[in-house]
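Chemist: Based on the provided sequences and hints, a complete structural model is requested.
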Amino acid sequence: MAGVTIIAVLWRHSVALGAVLSRLRPSLWGGGQQRDLWLFVPGLVLVTGFVIIPILYQIYLSFITPAGLGLGAYRDFLGQPQYRLALANTVFFSTVSAVGAVGLTFPACLYVSRCRDVIVRLFTGILGVALALSGLVRAVSWQLLLGRTGIVSSVLQGLGLISHPLDILYTKTAVIIGMTQVMMPIAAMSLLNGLRHVDHELAHVAVSFGASPLRVVLDVYWPQLRRSVAQALLLVFTLATGLFLVPVLLGGPQDTVLGKLILSDMTVDFEMGAAHAAVSGVATLLIIVMAMVFCLILGGGAYHRKSAK
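The opening residue of the sequence shown carries number 1 in UniProt numbering; numbering runs sequentially from there.
Calculated directly from the structure, the hints in this document are not laboratory data. A quick note: this is a predicted structure, and the numbers were derived from the prediction, not measured. Ideal Cβ placement from N, Cα and C applies to all residues, glycine included. Don't take each hint at face value.
[As the list claims (entries may be wrong)] Now the in silico label distances, taken between C-beta atoms and shown as ranges:
(1) V289 x L69: 20 to 28 angstroms
(2) G160 x L218: 39 to 47 angstroms
(3) G160 x G43: 53 to 61 angstroms
(4) L69 x V217: 49 to 57 angstroms
(5) G252 x L218: 38 to 46 angstroms
(6) V217 x G252: 35 to 43 angstroms
(7) V129 x I59: 35 to 43 angstroms
(8) V268 x L69: 21 to 29 angstroms
(9) L298 x P107: 13 to 21 angstroms
(10) R215 x D76: 52 to 60 angstroms
(11) V289 x G160: 48 to 56 angstroms
(12) Q80 x V137: 32 to 40 angstroms
(13) V45 x L104: 32 to 40 angstroms
Modeler: Shown next, in the form of structure tokens:
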């Protein structure tokens, strides 16, 4: 949280600095759009210093070996089955939780986006409270709910729906449930902003001309929604790749993700763990880039309402 706060403060002051620079000596900076471009300079410097340079440095560290530059860390990383399993688990859990979080929050966000502003603000406030809750607290709550003597198992047994306690805890199912629930407020925040700009009048016009519900969804709603859905998927997937607390508390030995494995390695052997951390960072970055390409294809171009000629 401290790092996020520092970056937020720097960003606020950098934007203010850019606004001041854009107003000083217009003849020096240029006029019109050229002057407005100076607003982006402090933010660009901030992103370069805190995001781009650390990523490039991490890539450089991944090639360092005791004998000099080489691919030894990559061979060691890919040659050990526990790292391949952790990488596969990271991709699997992140993908499923992203799809699940976006899919489960989409109907509620679509409904709220059509409500009055007071309802939207109330819904946003509830999401803010959900985001303020610690992930540790939510993961421990799922342990109490999904255990063999937990509430879910006890209620189902009391209703006669099952005869034996559920064995959900410490399985992939429990990890997916926990990660999806943690990511749902983030997905809802991302979706709600885009869904408020949907033109619902086009759907009424399409129905009046005899369009089926399926055609209305595919031809009217989807072109307007696809960018919001793609952005939410990418955001949740990216954040989920770094979430290892939920798999640790809800998963079993075969559900280890990269973050937990690297933390364990650095505790035992810091130098080797640091090398593997650099390689895992590069691998995660490549996965995120591939997810970004997929979401760009899914999102398509900007939606423009066609006017009648």
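Chemist: Give a verdict on every hint.
Modeler: Hint check results:
For V289 paired with L69, a C-beta distance near 23 angstroms keeps the hint of 20 to 28 angstroms intact. Between G160 and L218, the C-beta spacing of about 43 angstroms keeps the proposed range 39 to 47 angstroms intact. Here the CB-CB span from G160 to G43 is close to 60 angstroms, well matched to the stated 53 to 61 angstroms. Between L69 and V217 the beta carbon distance is about 53 angstroms. The supplied range of 49 to 57 angstroms therefore holds.
A hinted range of 38 to 46 angstroms holds for the C-beta pair G252 and L218, which are about 41 angstroms apart. Range check, V217 to G252: Cβ separation about 39 angstroms, and the 35 to 43 angstroms hint holds. Against the hinted window of 35 to 43 angstroms, the Cβ-Cβ separation of V129 and I59 comes to about 38 angstroms, which satisfies the hint. Distance hint check: the CB atoms of V268 and L69 are about 25 angstroms apart, consistent with the given range 21 to 29 angstroms.
L298 and P107 have their C-beta atoms about 19 angstroms apart, which keeps the hinted 13 to 21 angstroms range intact. Checking the proposed 52 to 60 angstroms range against R215 and D76 shows it holds: the Cβ atoms sit about 54 angstroms from each other. Between V289 and G160, the C-beta spacing of about 50 angstroms keeps the proposed range 48 to 56 angstroms intact. Against the hinted window of 32 to 40 angstroms, the Cβ-Cβ separation of Q80 and V137 comes to about 34 angstroms, which satisfies the hint.
For V45 paired with L104, a C-beta distance near 39 angstroms keeps the hint of 32 to 40 angstroms intact.
In this structure, none of the earlier numbered hints is contradicted; all agree with it.
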